[in-house]
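S.K.: Single-letter residue listing:
6 protein chains.
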Amino acid sequence: MRVLIVNPNTTEAVTSLMLDAGRASASPGVEVRAITAPRGLPYITNRAEAQIGGAIALEMLAEAQGTYDAAVLAAFGDPGLFGARELFEVPVIGISEAAMLTACMLGGRFLIVTFASMLCGWFRDCVAMHRLEDRCAGVVALDQGFGSLEDVRETNWEALVELANAAIAERDADVAILAGAPLAGLASRARDLICVPVIDPIVAAVKQAEALVALGTTKASRGSFKRPAPKASSGLSVKLAAYLEDAQ
Amino acid sequence: MRVLIVNPNTTEAVTSLMLDAGRASASPGVEVRAITAPRGLPYITNRAEAQIGGAIALEMLAEAQGTYDAAVLAAFGDPGLFGARELFEVPVIGISEAAMLTACMLGGRFLIVTFASMLCGWFRDCVAMHRLEDRCAGVVALDQGFGSLEDVRETNWEALVELANAAIAERDADVAILAGAPLAGLASRARDLICVPVIDPIVAAVKQAEALVALGTTKASRGSFKRPAPKASSGLSVKLAAYLEDAQ
Amino acid sequence: MRVLIVNPNTTEAVTSLMLDAGRASASPGVEVRAITAPRGLPYITNRAEAQIGGAIALEMLAEAQGTYDAAVLAAFGDPGLFGARELFEVPVIGISEAAMLTACMLGGRFLIVTFASMLCGWFRDCVAMHRLEDRCAGVVALDQGFGSLEDVRETNWEALVELANAAIAERDADVAILAGAPLAGLASRARDLICVPVIDPIVAAVKQAEALVALGTTKASRGSFKRPAPKASSGLSVKLAAYLEDAQ
Amino acid sequence: MRVLIVNPNTTEAVTSLMLDAGRASASPGVEVRAITAPRGLPYITNRAEAQIGGAIALEMLAEAQGTYDAAVLAAFGDPGLFGARELFEVPVIGISEAAMLTACMLGGRFLIVTFASMLCGWFRDCVAMHRLEDRCAGVVALDQGFGSLEDVRETNWEALVELANAAIAERDADVAILAGAPLAGLASRARDLICVPVIDPIVAAVKQAEALVALGTTKASRGSFKRPAPKASSGLSVKLAAYLEDAQ
Amino acid sequence: MRVLIVNPNTTEAVTSLMLDAGRASASPGVEVRAITAPRGLPYITNRAEAQIGGAIALEMLAEAQGTYDAAVLAAFGDPGLFGARELFEVPVIGISEAAMLTACMLGGRFLIVTFASMLCGWFRDCVAMHRLEDRCAGVVALDQGFGSLEDVRETNWEALVELANAAIAERDADVAILAGAPLAGLASRARDLICVPVIDPIVAAVKQAEALVALGTTKASRGSFKRPAPKASSGLSVKLAAYLEDAQ
Amino acid sequence: MRVLIVNPNTTEAVTSLMLDAGRASASPGVEVRAITAPRGLPYITNRAEAQIGGAIALEMLAEAQGTYDAAVLAAFGDPGLFGARELFEVPVIGISEAAMLTACMLGGRFLIVTFASMLCGWFRDCVAMHRLEDRCAGVVALDQGFGSLEDVRETNWEALVELANAAIAERDADVAILAGAPLAGLASRARDLICVPVIDPIVAAVKQAEALVALGTTKASRGSFKRPAPKASSGLSVKLAAYLEDAQ
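Sequences listed follow chains D, X, F, W, Z and B, in order.
Reminder that position 246 of the first sequence reads as 246 in this note's numbering, one-by-one numbering, no gaps.
Reminder that position 122 of the second sequence reads as 122 in this note's numbering, one-by-one numbering, no gaps.
Reminder that position 169 of the third sequence reads as 169 in this note's numbering, one-by-one numbering, no gaps.
Reminder that position 94 of the fourth sequence reads as 94 in this note's numbering, one-by-one numbering, no gaps.
Reminder that position 122 of the fifth sequence reads as 122 in this note's numbering, one-by-one numbering, no gaps.
Reminder that position 107 of the sixth sequence reads as 107 in this note's numbering, one-by-one numbering, no gaps.
Simulated from the structure, these hints should not be mistaken for lab results.
Any given hint could turn out to be false.
Because identical chains cannot be distinguished in the list, a pair is counted as satisfied if it fits within a single copy or across any two copies.
As the list claims (entries may be wrong) - Calculated pairs, DMTMM-like style, for lysine to aspartate or glutamate (alpha carbon to alpha carbon, straight line, at most 20 Å):
#  : residue 1 : residue 2
1  : 219       : 150
2  : 226       : 143
3  : 239       : 192
4  : 239       : 150
5  : 231       : 158
6  : 226       : 69
7  : 239       : 172
8  : 231       : 31
9  : 231       : 12
10 : 226       : 151
11 : 231       : 154
12 : 226       : 170
13 : 226       : 125
14 : 219       : 162
15 : 239       : 133
16 : 226       : 150
17 : 226       : 172
18 : 219       : 154
19 : 231       : 125
20 : 239       : 12
21 : 226       : 20
22 : 231       : 134
23 : 239       : 162
24 : 231       : 172
25 : 239       : 20
26 : 226       : 133
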């Protein structure tokens, strides 16, 4: 089984972090690869960038088509997810949805914890998009902008843990999600520090990709997630245009 | 006041229909113009195409920036709307939201009527995105694919009216929305045929653009809809990249 | 086009404020008039008074019938709105619904800010009546009773602005509504002081009245908002009784 | 204990039906009386008439003040209920809410069955006003207008039972409510005919009045249901005006 | 009329408190009895214990079958309630649902106040189970474990009243429910101390039992709350097994 | 990794079916075992039996404690799930929740299809318990009772497939769940027959058990899902009583 992690951002260092975390948790026989957006933003932090990054993710998925059995859309916020799910024949899983749905099996309500307050609005939209607001105890963030990976992962780590524990107590959350690709791989470090189960979205997504492939489901042949009819376009990336126009 | 209708599809004939309908309803002193997507799909009919078309809409808005006081995002489903609202300084109104919010002032629950069943899933997502499900009596469509403008506007017109009246009776809807850009301008023709008030989304959107400009509100300087911080990108359209990178 | 502002309170000074604000924002060719309740309460501040004032609003609308193309029901809380919408042939818009629906086009969630805490319960009911709770970030008020117009508009102005900004930050609101007829016309003064777009309900309502008339919709001929069948009554105001009994 | 049934309609024959049904179910020592609206509509059938009738109900409650320990607002739809609850010192129970809340103790979801389709829209609003939509399996009605009491209670009885049973099966309802004052007292006749428990709203309301008095609760001294501050008015009924102006 | 209070806990002292409170509020001619669980937990404080205690409640109801006309399931959280409602021919009322539904007739939103924080999660699940979250202003508890009856009723009484008043003010609650069997009978003591109406769940439940019996409804003969078909089992209590296997 | 399938019913043939399906989908190195309830009902089909069976499941989990790294609660409806999640240190997954949450990653809304109409009410409660109603397109069943395994799996198979396809078309469902333990293993047979992805709950649950163990989360040390404090009981199964009383 081949799982492809699709980073719709252009920052390869983040792709590496996610690939390491994903590989470490894969079952025997599961090959995990990762690709980085060839164009776009260094990191997606709002709805406008998610609109752009999600379209680029579709290009990446079309380009790599045939080389994976399931894809992980690897930006918290799940840009382009539902479009990808319509378009492609294999399962596509968003790291937000994987984290949230997995969290639902560990308690009643999950808390989303992230490192920069500018992300909160967009992440809340993501919770609503998945209709999981009744299971969400809130989205909380450090009162900071988006700094270096070093800042996010090391300098502010203690503050993040403290924020998580305070919000869990105040909101009666049962599970915590460390949200945002730059936090990939840190959940295990949080285990003895945060008082409820902690989810690493990229790990959750790789395991969900395994689950969906194991279920052996087939693409819908009718309804709103069947593959759209072939259609000509203009000015799109060559591979995406070819895929959209392809007889199926 | 200058209102710009942005058609994120590449079909100019549809732009013309919308421009005519929009101009006919504009108040004295309001100048209405329209632009057509320079690349993309001839018509957006699903979530994947909305992801692409919405990103193109951002390019168009950046390109035309400074030439309008309010913009109308003119594809039912509102592709790219929230991103555009974050990014630009002037009001951006989606034709779906304008139709639905206006309909709310004419009764309890609105019905969305469209001409091709493939659109229903995406349109329902749009209702949910605006959190208006409690005001929506349903999305119904002719059991057909997406044909020519002639098909949509003339050949199937009687069937559409019949569908609307049947669904209104069955679902106790109070208002009907004729959804889909190709239906622009037909609401007035439906007036004596459909038993509840009928909304033309493009007309609703032009009037809402007027309302927002008249209110004289200013762009948020904090919160999740303030303009994002300047950011470098790669491989995006020149004007959009420049706008994203612009010091504000 | 003739828009009638109906103040269901007996305080003419408030009518004047609203008429001024409404006229200032009307499009060319739109005539705005206002009437004050001939009986009832000086200002409606709770559910009981809204029950009474809403019934008086129906009398006023019946009395003025034929002199307006759209009516604005001008008390925040929208007393009598749905009844008026059933009964009369022309659009009737509530200032609460106009403010809230317009706010929805400027961001995700709106905050309602008012000047006396006794109003909060009734205003929250109004949000629920319009099924807009998912778009509402809360109703907040100064911890005060209902004082003079001078108090509301001048003395407590700075406290109100401060309250708004604090609540916007705490609740991540995207838009603010200055709620309550005595605040009519003050939104423009708030523009540089409050960090998100600010809505003046009376202005929103006049613009929405314009929009609805421009849409040229007709009264429902079936369903729950069609005009009720003629019915005899006793002891009601002469004009309202005549209107209720009228063959249509 | 004295329970007052307040019929906000002017039809005394309906008051009699309700008084009979209410008295038959009262506990020993509970005195049940009923009053009929001295002005207004013969029967309330829509939102506009509910606005008027609810204001008249407040007048009736003020007029009778001191002669009852709990009041039953006896029109399905609960016109004026929340206003009455704010204003008066003793419990006021609506027959809709009493029926619905009682039904909740007999199963998961209740069906509202009534005799004239024009009532459905208003009754649905009433379900929403009480936030009980998740417990409601629907509002269904005979496809008829509002005829004589004889029509409602005798001629159409079999059709009503048939409608109820069909809707229960189709919607998986667990309890049925016979809604509308003219159906008072018929639930017992339905017992062997309808396949789930059947609620008579007036009986439910009288028993709930007993329950609230037995609980011995006191009026709120703060919050949105405390008694409003004294206020002068003009042109209202003498007793209501006096009550509103009364020092407490 | 015979009302049976079923305490699914093994603590007889709590049964006594509830029996006293229930009897004191019963109407003339209503005989109230109470039984204590013969096995199980001294007090149910979480979901696991509610699963166990609810199954024991079914045994108790089967054992006592024929000796009561309505049963009150007397642990806040309503363990086993919906199962009991399916299984038995007479009304079964939970003290949580009775308290919450009764509270709905005294204001918009109720607050649940209890004495030990460990109860909050389970009680919130109970609110959701009854679909009353829109009517609930929250569940608050003293920051304590579950002590002696003396602790709960006397030592911590003032702290509980203080907590209630603070939460009412902060959350704009209209009614308060003193939740948890050990608080039985204390609502009357709270009357002059808490600023909104206060509900005693056991009293509410006894009055609701009276109401349901007075309504004279019959058991559903179809749908999801009709009595299940007879079924053999193994290893269950003798009387419950016999009841499950009984031809009806 | 050791996964324990816990069948809270007494029918070993159903346990075998589930064990086969579970084993077939397990990853290399995952050992799957299954146990059958030593007492209780042959099959749980309603809320009352779920109350009983859920308590028995807790006994089984306590009895087997130490022999598994994750447990699958293997009756659709998830009897006792939240209690088990509180009580035990390792992940416990319900087959309903696993099926529904997994389905969410394959489309917008799932359909639950089962073989006996008596199950629908209880299964709907289960959807609500997990707060997934916005993702559920409905619960549908053959209009039949609970027959033999042969009936369920062979005789009625074509009718079940036909029902599923009809309901998918009518309700616009994106994914189908074959619900009920007796259907274990049939999803693969449905693949070419049903027009959307089909989920086998037991397979989904085994894969989710793998995912949760791989995530390496730890038990909550605070909040509503931490392990309850030790407590003495009487008359419970020896092992469960010992576990409840155990110092941790």
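S.K.: Hint by hint, note whether the structure agrees.
M.R.: Quick rundown of the hints versus the structure:
Within a single copy, residue 219 and residue 150 get their C-alpha atoms no closer than 41 Å, and across copies no closer than 29 Å, so neither meets the 20 Å cut-off. Within a single copy, residue 226 and residue 143 get their C-alpha atoms only as close as 42 Å, which misses the 20 Å cut-off; across copies the closest is 16 Å, which meets it. Taking identical chains as interchangeable, the C-alpha atoms of residue 239 and residue 192 are never at most 20 Å apart, the minima being 46 Å within one chain and 30 Å between chains. In this assembly of identical chains, residue 239 and residue 150 lie within 20 Å of each other by CA distance neither inside one copy nor across copies; the values are 36 Å within and 32 Å between.
For the identical chains of this complex, residue 231 and residue 158 are neighbours neither inside a copy (51 Å) nor across copies (28 Å), given an alpha-carbon limit of 20 Å. Taking the closest pair of Cα atoms, residue 226 and residue 69 come within 20 Å of each other only inside a single copy of the chain (17 Å); across copies the shortest separation is 38 Å, beyond that limit. Proximity of residue 239 and residue 172 under a CA criterion of 20 Å is satisfied in neither setting, with 47 Å inside one chain copy and 31 Å between copies. With identical chains, the CA atoms of residue 231 and residue 31 are never at most 20 Å apart, being 33 Å at best within one copy and 35 Å at best between copies.
In this assembly of identical chains, residue 231 and residue 12 lie within 20 Å of each other by CA distance solely across copies; the values are 17 Å between and 33 Å within a copy. When the C-alpha separation of residue 226 and residue 151 is checked against a cutoff of 20 Å, the pair qualifies neither within a copy, at 43 Å, nor between copies, at 24 Å. Proximity of residue 231 to residue 154 under the C-alpha cut-off of 20 Å is found in neither arrangement, the shortest distances being 48 Å within a copy and 23 Å between copies. Proximity of residue 226 and residue 170 under a CA criterion of 20 Å is satisfied inter-copy only: 16 Å between copies versus 43 Å inside one chain copy.
For the homomeric pair residue 226 and residue 125, the shortest alpha-carbon distance between copies (16 Å) is at most 20 Å, but the shortest distance inside one copy (25 Å) is not. Taking the shortest Cα distances, residue 219 and residue 162 sit within 20 Å of each other only across copies (19 Å), while inside one copy they are farther apart (44 Å). Within a single copy, residue 239 and residue 133 get their C-alpha atoms no closer than 37 Å, and across copies no closer than 37 Å, so neither meets the 20 Å cut-off. Within a single copy, residue 226 and residue 150 get their C-alpha atoms no closer than 42 Å, and across copies no closer than 27 Å, so neither meets the 20 Å cut-off.
In this assembly of identical chains, the alpha carbons of residue 226 and residue 172 lie at most 20 Å apart only when taken from different copies (12 Å versus 40 Å within one copy). Taking the shortest Cα distances, residue 219 and residue 154 never come within 20 Å of each other, neither inside one copy (42 Å) nor across copies (25 Å). In this assembly of identical chains, residue 231 and residue 125 lie within 20 Å of each other by CA distance neither inside one copy nor across copies; the values are 30 Å within and 22 Å between. For a Cα distance limit of 20 Å, the shortest separation of residue 239 from residue 12 qualifies neither inside one copy, at 22 Å, nor across copies, at 25 Å.
When the C-alpha separation of residue 226 and residue 20 is checked against a cutoff of 20 Å, the pair qualifies neither within a copy, at 33 Å, nor between copies, at 31 Å. When the C-alpha separation of residue 231 and residue 134 is checked against a cutoff of 20 Å, the pair qualifies neither within a copy, at 38 Å, nor between copies, at 32 Å. Neither within a single protomer nor between protomers do residue 239 and residue 162 lie at most 20 Å apart by alpha-carbon distance, with minima of 46 Å and 39 Å respectively. Within a single copy, residue 231 and residue 172 get their C-alpha atoms no closer than 49 Å, and across copies no closer than 23 Å, so neither meets the 20 Å cut-off.
When the C-alpha separation of residue 239 and residue 20 is checked against a cutoff of 20 Å, the pair qualifies neither within a copy, at 28 Å, nor between copies, at 36 Å. When the C-alpha separation of residue 226 and residue 133 is checked against a cutoff of 20 Å, the pair qualifies neither within a copy, at 27 Å, nor between copies, at 23 Å.
Hints 1, 3, 4, 5, 7, 8, 10, 11, 15, 16, 18, 19, 20, 21, 22, 23, 24, 25, 26, counting from the list given before, are not met by this structure.
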